[in-house]
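*Asks:* So the sequence shown is numbered by my numbering: it starts at 2 and just counts up by one.
Treat the hints with care, as some may be off.
In silico BS3-like links for lysine-lysine, alpha-carbon gap of 25 angstroms or less [as the list claims (entries may be wrong)]:
1) Lys481 to Lys386
2) Lys130 to Lys102
3) Lys481 to Lys130
4) Lys236 to Lys631
Simulated from the structure, these hints should not be mistaken for lab results.
In this text the structure is predicted, and so the values were computed from the model without any measurement.
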Amino acid sequence: MLRIVTGAFHPDLEQALLDHLDTIKQAAPLAPSAIVVPSTALRRRLQWLLCAEQGRGLLNLHILTFHQLTRRLLGCDGMPDEPELSSSMLFRELVHLSLRKQAAAGPGSPWRTLAEMPGAWAALWATCKDLKDAAVDPDVVLEALEAREPPPPPATAGLIRLYADVRAAASSSAARDPDDLAVEAFHHLDRSPFLQSLADISYYGFYDLTQVQLDLFREMTRRYPTTLFFPLLRKHPAFGFAERFFERYLHGLLHDPADWQQAPLRPDRLSRQRPLQRIFATTERDPDDDGRSGGPARTSATVQMVDAAGREDEVTFVAKDILRLVEGSGYAFHEIGVVGRTLAGYESVIPRVFREQHIPFVTTLSRPLAAYPLVQVALLLLDVKQQRYRRDLVIELLSAPCLDLRALCPDGPEPEPDLWDLASRRAGIARGLDEWRRLEAYGAHGLPLSRRVSDTDDDDGKPASIPGSQLRLLLGCLAKLDEALAGLPDEATWAEYLTHLDTLWSSLLAPQSRRLSDAEKEDVVSEPDLSEVVAALTDLARLPDSVPIDEMVAMLHRIVQETRVPMAGQSDRGVQVLDAMTARGLPFRALYIVNVNERVFPRHIREDAFLRDAERRVLEADLGYKVTEKLAGFEEEKLLFWLLANAATERLTLLTLRSDDTGRPVIPSLYLDEIRQAAQECQSAALSIPRRWTQRQAHPRLPHFQSEWLNPRERVVDAGLTRRRVALPLLRRLPGGDLLPKGLEIVRCLDSGRPALGDYDGVIGHVPSVWQRLIQRVAPTGLRSYGICPFQYFARQVLRLRSIEEPEEIGEVGPVEVGTLAHAILRDVHRAWHAEGITGDGWQAVDMTASLARAAAPHFHDYARTHPVGYPFLWDVTQARLLDLLSRVLQEDFQDLRNG
């Protein structure tokens, strides 16, 4: 009951699918039918093909992804009680718990060292997922391993036992992924009203399946008439990955050899103008080949190779070229694609450049949750508690625009976090609420600074101070913050933590706070809501065990780094910016493949460290489980590149980086040589984009950078480089544009070469306070500093600029501070003895240790109250060592006195 049609995606398989639908609709126009595709992108492509390009309706035609089909079989599509799928973070945490249990079993556990390594949990879950996707029965595998000769490494059996533990834990916590739903759907194949109503079922576009998906497909073909449209060109080197899957798992399902046909199905649709079908076909064509599997080396798509220095230049060229195609050649934005093997590293570059050029786009790009300020502040709240109110974290939190400060200090003056930062540095606060309470002593009269901080030139001799009202406001904020964070338990279950976090975040965080600027408010619109963040963590509530708060915070950091959200500001009719896996099967009039470099396309492929390919081969060949070998990925990379190169019908542009964003050279992909052999127009030198702007404008092959294609920002840059005046209306459209004329004037003055000093050559005018100080005294160090660098002297001696102190980074008291304390203590000891009348031989009756302790106590107390002392243990050690040193110094002095 299975019929298979093979061929290239475009136009053969698409046309074969259209012909098949025509046959079905001609027999029964209202007959329900279904098309099952492997991805949402391919589903949208078929909808566009049928409706927009072919003008056909979708009445009684269901286009479903594998997951949507599974939900239909379960009868839960659109129902309020539809099953929830668990995220990978829950399964990774189940691996973590299983590792802990095995590590606790004894020192002989092979996983003992991995129990506290988060990176190992993710790697182990990836291996366990391969076993799970293959529906591996751990009992069967363990029995086979025991009977195997020679015996396998002990780690293999340990991995299978770990997989069994994770599978059992997932079952007990009701954790499910799409393949679990597919297993449940097996029981609904015979009684599914949806399947029974269909006159035809078509599978379109997949070239590989997991074991669970394959089993479901097999059962479907046994019960219902099914047509499979499979991308395959027989004996083509690029299709080795797909052909191996076809021969092993699909060919045997055919009852009659005539049920396998090769597209195009009609002779009048044969085309000898196939784009780039000879890629990787380095051997002679098989004499029995009918000419449709390889085609000639001539290509109907214009091919261009471009190299750039860094992603910025690469994406800028792509954007400029897209504008030329749209405005000069009549292309529509949605007919153009920008595809990379992976778009990692382009998350900020492509959206920014495309928006600057006003290019609409739809993309699979996503951003990690950790990139959003609101989420960063939510985690910062927890870090403040975990790090015992470390100074820099507290100031960063209180300065964050997303924190609703009025929830912490509803009354009082306007909060000024910059003054709070200065006060905390001046008071030497490192961490701990006790150290923050040092500011209470200055709440009435303010905190004087050690140096004057003023923007005026008059010096009244009085040191500047931070108002006491701001210090009281800061202490009130900290008290409220401590009260809010006190609700977080030191240890709890994930369900309890999520309840507390929801309450905490909703009360203290406000994305639309009045402290946000207009530009920031526009950016915050696209931020995830806090309830969405909490909802993303609800899977963890399935875990019954309690976890300490430190572990909870560490896991939250990992989750927000790994959880990604779709990019905002997309347009359905825009340029398609996709990764290579999503772009499979999609055609483009013009296609740009970015970052065609080694270790990117093809990607860097290695064997699984926990389950080597030899073991995977045994599982597949001997036990029948479809566990794909990792090194087979090389063949899939060739197939992906072939599909992409042949997806362009008119223009194909391959972009490679000659250096990365840091300037380090990178290697172009060897796949470019395959393109050169297949496309004669690529035999010429690739277009190399110069780094210099002026060289780009003069380049004969880069009309993209002529004045008519420049946006406002680029026009201003061009005018600045060519020393031309810029119109004020154009400047006002740019951020900070009003400053540019003044800046250009300064540059002209500095570059003029006039012998006389100008306004920008260090002439600072008359500063009376500085001259008065110099008349009174001149220090040799200051003169030396002036001789070395006048500007350095001006910064240090006139402006009194100093390096910013970081009290929280100080681990122990430095030698200069210890020396200052030692002199002060010795001075007070001698003064005390003098006041008590101890002279001559009277020192022999003195309790030296007690005298030193009495004199040192106030100095140690005052120093710890106003300076960072580092770790408490080291501070105690420093005090003891200093007193011991001073005791020995005094004893030596007295010994010298006795010896005359």
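*Asks:* Could you tell me which of the hints above the structure violates, numbers in ascending order?
*Replies:* As far as the earlier hints go, only 3 is violated by this structure.
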